[in-house]
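Undergrad: Could you put the whole structure together from the sequences, leaning on the hints where they help?
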Amino acid sequence: MARKSTAFTEITDLRRLFDVSKPFLNRVIERQPKQFLKAVDGVSFDIKKGETFALVGESGSGKSTVARMVVGLLPVTSGEVVIDGISMTKVADHAQRQKMRRRMQMIFQDPYASLNPRWRVSRIIAEPIRAFGLMTDNAAIEARVGELLGLVGLHPADGVKFPHEFSGGQRQRIAIARTLAANAEFIVCDEPTSALDVSVQAQILNLMRDLQKEFGLTYLFISHNLAVVRHMATRIGVMYLGRLVEIADSKTLFSNPRHPYTRMLLDAVPDIGMTGRQRTPVAGEIPNPINPPSGCTFHPRCPLATARCKAEAPKMIDGVACHAVNPN
Amino acid sequence: MSVPVLSVRDLQVEFVTRRGTLRALDGVSFDIAKGEILGVVGESGAGKSVTGSALIGLIDPPGRIAGGEVLLHGERIDNLDAESLRRLRGKKIGMIFQDPLTSLNPLYRVSEQLIQTIRTHTTLSERAARERAIGLLNEVGIPAAERRIDSYPHEFSGGMRQRVVIALALCAEPDFVIADEPTTALDVSVQAQIIALLKRLCAERGMAAMLVTHDMGVIAETADRVGVMYAGRVVEIGPVGDVIKEPKHPYAKGLMGAIPSLEAEIDRLTQIPGSMPRLSAIPAGCAFNPRCVDVFDRCRSERPGLIGVGDNHKAACHLHDGKGRA
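Protein chains in written order, with the working numbering: chain A, 1 to 328; chain B, 1 to 326.
Hints are computed from structural coordinates only; laboratory data are not their basis.
A couple of the hints might just be wrong.
[What the hints assert, rightly or not] 30 Å max Cα-Cα, derived DSBU-like pairs, lysine-lysine:
(1) Lys22/A with Lys48/A
(2) Lys92/B with Lys251/A
(3) Lys253/B with Lys251/A
(4) Lys34/A with Lys90/A
No experiment lies behind these values; they were computed from the predicted model shown.
TA: The following block contains the structure:
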């Protein structure tokens, strides 16, 4: 189990295919082969303890699929997820993996769908405590739930209410309290604030940062909102059509984006500091992932594309996967 | 000064429910000039979309316009009967909604929807209408419009569909367009294209537009002026640069501070304590007073009106009326 790197989470060459073939009979009649959608195609990155690693990209780039594979909600097609030295994808580590499950939790995008509407909030938050057998005494559990509600800025007496009695922001606080109930160290947040209004989003982002400082949490943060990502992340991975095209420190990425897609993305984001800005809008949209372009998948939209980009997929060198940036 | 394309005077919208009458809009006033884009921002429940619907008489019962006036080119349109309003919609006022899939009929080809709309509002022949439709699709940036016009809506991507919806709104060359969250369902790169398109169309056609969105970034880049709404009232309105860089109303200040920016590194976002009041329990005086950091006695009893705080810039806050905190 001894590993040389200091990374808390290591993701190596993660792949996920989805079978999008037509039904068997249609395939036989129409003589068509099976069709696969490469949702995630060879993604590798690592996350250090206590840092926030963000994945950004447009819809269909595979960010959420990566998140789901990391927490184990979706089996991987190939590749490895190692968390704190324990492989979450190899069969041999089964017993340890169960222990690991407690230490990683997930916050979902839609706070209206991620809480059971028929359970009281105290039961929702107590569920991980009971499921992992962290406490057995009911009075102790109740006290812990009250404490957790206080931590996320709700009142301990709110535990007797049902989720529908809370606003979106408050529900997201409940979801955060639930992750903390399991004493999680690693939290995967899939668009945690995109369903919320900006002022509520600010409250949740501040809360997440406070909790990170207090408990030394490690976040994998998924978002399409670059401004939010800049505010939260220590390091950022930019995804395009299932591949990582650039990984960099948050500061470096925003001050010196290197991959043409990152530059395009940064240029496309409307920002409140840019009133009256004139710019050249990007052409094109994300291609169909079932039949992605050859070579570098970004080449049809890339201003720097050459013949080599059409033929050969660039490797990730020094944080960027681009032939124009790494010309040899 | 010429007559503004659209003028709204003290508009009030009420929803009558079993538990009493809810006031969704309370005294909303603004003007939009020719070629101007007015951005309307606010959080969910602030009344942005209700304003848009009220302007074109699309408030469904139990909602009703309880007071105020809506003037198009100086003529009242809020008291027209249903039939005249129906003729007005599409012809004089175009609408672009958030979800491009639900604003197109999935069972009709794009060509049929466009041609039908054009022929409803003009006297063009079928063939001329088709030409016009192709021209419109070209104008909104759909490649190979001659070929794509006979496709069904599902054959277009989200961004292309939104372009079709924009083309549909432009069919009768309206003077005024209401765009309700036109880019919310789209990815950033596509959003940038749609914003650029809207700006170009307003500049080229001298069309006035009201852009409703909760995304301040979109407003900052698109709008000429911006109105900030809170609990059914306009709390601040002014040129977009002034409102964003130097907001005067405490709510607007909080809202601007709450938005993470790409440009500046902020350690902590501004937090506005609490949340928007329910329509059934709007506080007396200034609706924002329970959440306001600068609140004083008068805020709790007396409702502030819009006061000039700069060039063409108004805020509804007692802090700025010169009487001080007394």
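Undergrad: Confirm or reject each hint.
TA: Now the hints, each set against the structure:
no.	hint	in the structure
1	Lys22/A with Lys48/A	violated (42 Å)
2	Lys92/B with Lys251/A	violated (48 Å)
3	Lys253/B with Lys251/A	holds (26 Å)
4	Lys34/A with Lys90/A	holds (27 Å)
Hints 1 and 2 from the earlier list are contradicted by this structure; the remaining hints agree with it.
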